[in-house]
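Colleague: Residue numbers (the working numbering), protein chains in the order written: chain A, 1 to 345; chain B, 1 to 345.
To be clear, the hints were calculated from the coordinates, so they are not data collected in a lab. A few of these clues could be false.
Since copy identity is lost for identical chains, a pair holds within one copy or between any two.
As the list claims (entries may be wrong) - Distance condition first, Cα-Cα at most 16 angstroms in a straight line; then the derived EDC-like pairs of lysine to aspartate or glutamate:
1) Lys152 - Glu95
2) Lys192 - Glu129
3) Lys14 - Asp201
4) Lys202 - Asp215
5) Lys14 - Asp215
6) Lys73 - Glu275
7) Lys152 - Asp291
8) Lys205 - Asp297
9) Lys58 - Glu151
10) Lys7 - Asp278
11) Lys73 - Glu329
12) Lys205 - Glu151
13) Lys202 - Asp297
14) Lys299 - Asp150
15) Lys276 - Asp324
16) Lys14 - Glu151
17) Lys202 - Asp336
18) Lys299 - Glu27
19) Lys202 - Glu151
20) Lys299 - Glu129
21) Lys7 - Glu319
Number of protein chains: 2
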Amino acid sequence: MIVPFDKLKATAKKAFLNLGLSEEQAETCAHIHASSSADGVESHGMNRIPRFAEYVGKGWVNVNGRPELIRAKGAAENYDGHLGIGITNALFCAERAMKLAEVHGIGLVALKNTTHWMRGGTYAWKIAESGYIGISWINTESCMPMWGSDEKSVGNNPFCIAIPREDGQIVVDMAMSQYAYGKLGVYRLAGKKLPYPGGFDKDGKLTDDPGAIEDSMRILPTGYWKGSSLAIALDLAAAAISNGLCGSDMDANNNGSCTGCSQIFIAIDPYMFGEKSDIQSMLNRRVAIADSAHPIDPKHPVKCPGESTISRRKKSLSEGVNVDDSIWEQVCALADGKTLSGRIE
Amino acid sequence: MIVPFDKLKATAKKAFLNLGLSEEQAETCAHIHASSSADGVESHGMNRIPRFAEYVGKGWVNVNGRPELIRAKGAAENYDGHLGIGITNALFCAERAMKLAEVHGIGLVALKNTTHWMRGGTYAWKIAESGYIGISWINTESCMPMWGSDEKSVGNNPFCIAIPREDGQIVVDMAMSQYAYGKLGVYRLAGKKLPYPGGFDKDGKLTDDPGAIEDSMRILPTGYWKGSSLAIALDLAAAAISNGLCGSDMDANNNGSCTGCSQIFIAIDPYMFGEKSDIQSMLNRRVAIADSAHPIDPKHPVKCPGESTISRRKKSLSEGVNVDDSIWEQVCALADGKTLSGRIE
């Protein structure tokens, strides 16, 4: 169904207040979850609120946890997230990275012991909207086979990079799997094949049949061996820099998705070596040339990453946000102070 | 043919001296080109020496160019490479990034107006071998269609990340195309299909026929839209941070591969927030678990990125390095003070 953004956010906020979040936390989380859905990332927007409620109930997310500064060195800081709310922990660290970049040109914040940050791109978008180049990544529990293996052995460890462009931020938010499990379900329920092969079936054949991949649990790393290699490297780097858990530590704890994970936030001042007007003009020139590349299908012009999201956001804000009926029902129930029973989506 | 490493390096060094490089430059470049071949990256090792000679001859590489500090801010520095030798410019900047990281925890060096750095992974390997986490990338001229386009419109902009592990560095060195053009040629000449689709044929069909992709020039971004998005973002970020050329500026100049390009070098102190012994033990634990993931084929155990390179290096150093016959002939000719005529490989 379609729900106006303000109603979506207000309902989510009530749900979060009922889960024990403070006024400020609830306001922030409601805004981020509603905004992710408005941007078209429903899987990590409103859809995640029931699971967040479940995690709070199980004690996997501690709504009283706050990021604590553990150590600092020059342009870098290390925080313990105390299993607090993933969104507010990560936003805090993104802000700190920008403060450090303001002084040092580049700033790095390494957050350990935090929880699911929901839509990965949130923080790179925020950094770009604040005028900095943002790079961030996370390690997750294992959900994807390493290249050459047939069992899940590495996280899909999303990597994000964002460039502040006043005419529209350029943002990449990419998991290391070709498709998320959520996406496989969407195609299967619609009776459709995937646009491109997304994993292996039980016989080890590359397939575009979403159900066969859900059965085998052998989702495909993006770019085959490349996504697998980058995924394990991002895991190791996040755990090393933050002095936090690596993916296999999370597997051993088995406390749900991303509980106790490590996250890295890097902000870079894009104007420290060039004039802002020159840099912005270069960005606009490059994006315009990329977008004018000859399209395969004239009805689908080439777009740089982030541009379609901005169009989608505008549409959602004026016409309402698409929300899955069952999710909306659950969020409304939480807003009414009810607890969810049965399987959490 | 197989050539002992020392002979390979000595011959390359003579060739570089004949091209006008200083003793120190020739020593460094010979070591890097020979080492890349020893590591199995022949395409960007010995194979590139004839093209380097061509670029020096055309004035696209200025052997007298040296990196010049343009501006600095805190943990970040900006250099103009003055179209000097790509390898020595990049090594200098990687060293500077580590010096900055020593003081500030993280260091960033943005290099503009430089030339082809040959094997991208060289600098991340170097940073990891020196005990830092390394991240580096470059923008190149357009050689790959953006996703949704059928004409080359973005570079394959290699991205590298390396983690220092005393039991073997973990290094990812990935171009944003699924296969390099050089690799397509290797498969075509061997009469083989690619292991996985690597581009589109002239009719727009995804294909594993290397010759069909060479004809269409529609190489595939790794992970389809993902590699395309990351490629344009890396281009914009490199040009913005370094205040240098973006990919389309290089296209307009049309001075060969990577001439005038922008490069980013980031070094991070991996032990600033944790004890070195704890971090190394976590890395070893995680890598061991990844490597023990159940293999599809027991003869091909899972390996983390970099591990196979180290095995290959050991073998090359003890048994000799594989070099293409024609390339070896050309490098020997350059070492004898001859000039190359005809088509440069």
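Colleague: Hint by hint, say whether it matches the structure.
Modeller: Hints, verified against the model:
1. Lys152 - Glu95: neither (34 angstroms within a copy, 38 angstroms between copies)
2. Lys192 - Glu129: neither (36 angstroms within a copy, 48 angstroms between copies)
3. Lys14 - Asp201: Neither way: lysine 14 and aspartate 201 sit 43 angstroms apart in one copy and 54 angstroms across, limit 16 angstroms.
4. Lys202 - Asp215: within (7 angstroms within a copy, 36 angstroms between copies)
5. Lys14 - Asp215: Neither way: lysine 14 and aspartate 215 sit 37 angstroms apart in one copy and 59 angstroms across, limit 16 angstroms.
6. Lys73 - Glu275: between (29 angstroms within a copy, 14 angstroms between copies)
7. Lys152 - Asp291: between (37 angstroms within a copy, 12 angstroms between copies)
8. Lys205 - Asp297: between (30 angstroms within a copy, 14 angstroms between copies)
9. Lys58 - Glu151: neither (27 angstroms within a copy, 52 angstroms between copies)
10. Lys7 - Asp278: For lysine 7 and aspartate 278, the Cα distance exceeds 16 angstroms both inside one copy (41 angstroms) and across copies (49 angstroms).
11. Lys73 - Glu329: neither (47 angstroms within a copy, 52 angstroms between copies)
12. Lys205 - Glu151: within (14 angstroms within a copy, 31 angstroms between copies)
13. Lys202 - Asp297: Answer is between: at 14 angstroms across copies they meet the 16 angstroms cutoff, but 35 angstroms inside does not.
14. Lys299 - Asp150: Intra 39 angstroms, inter 14 angstroms, cutoff 16 angstroms: inter-copy only.
15. Lys276 - Asp324: neither (42 angstroms within a copy, 48 angstroms between copies)
16. Lys14 - Glu151: neither (40 angstroms within a copy, 50 angstroms between copies)
17. Lys202 - Asp336: neither (44 angstroms within a copy, 58 angstroms between copies)
18. Lys299 - Glu27: neither (39 angstroms within a copy, 54 angstroms between copies)
19. Lys202 - Glu151: within (11 angstroms within a copy, 37 angstroms between copies)
20. Lys299 - Glu129: Close neither inside one copy (29 angstroms) nor across copies (49 angstroms); limit 16 angstroms.
21. Lys7 - Glu319: within (12 angstroms within a copy, 70 angstroms between copies)
The structure shown violates the earlier hints numbered 1, 2, 3, 5, 9, 10, 11, 15, 16, 17, 18 and 20.
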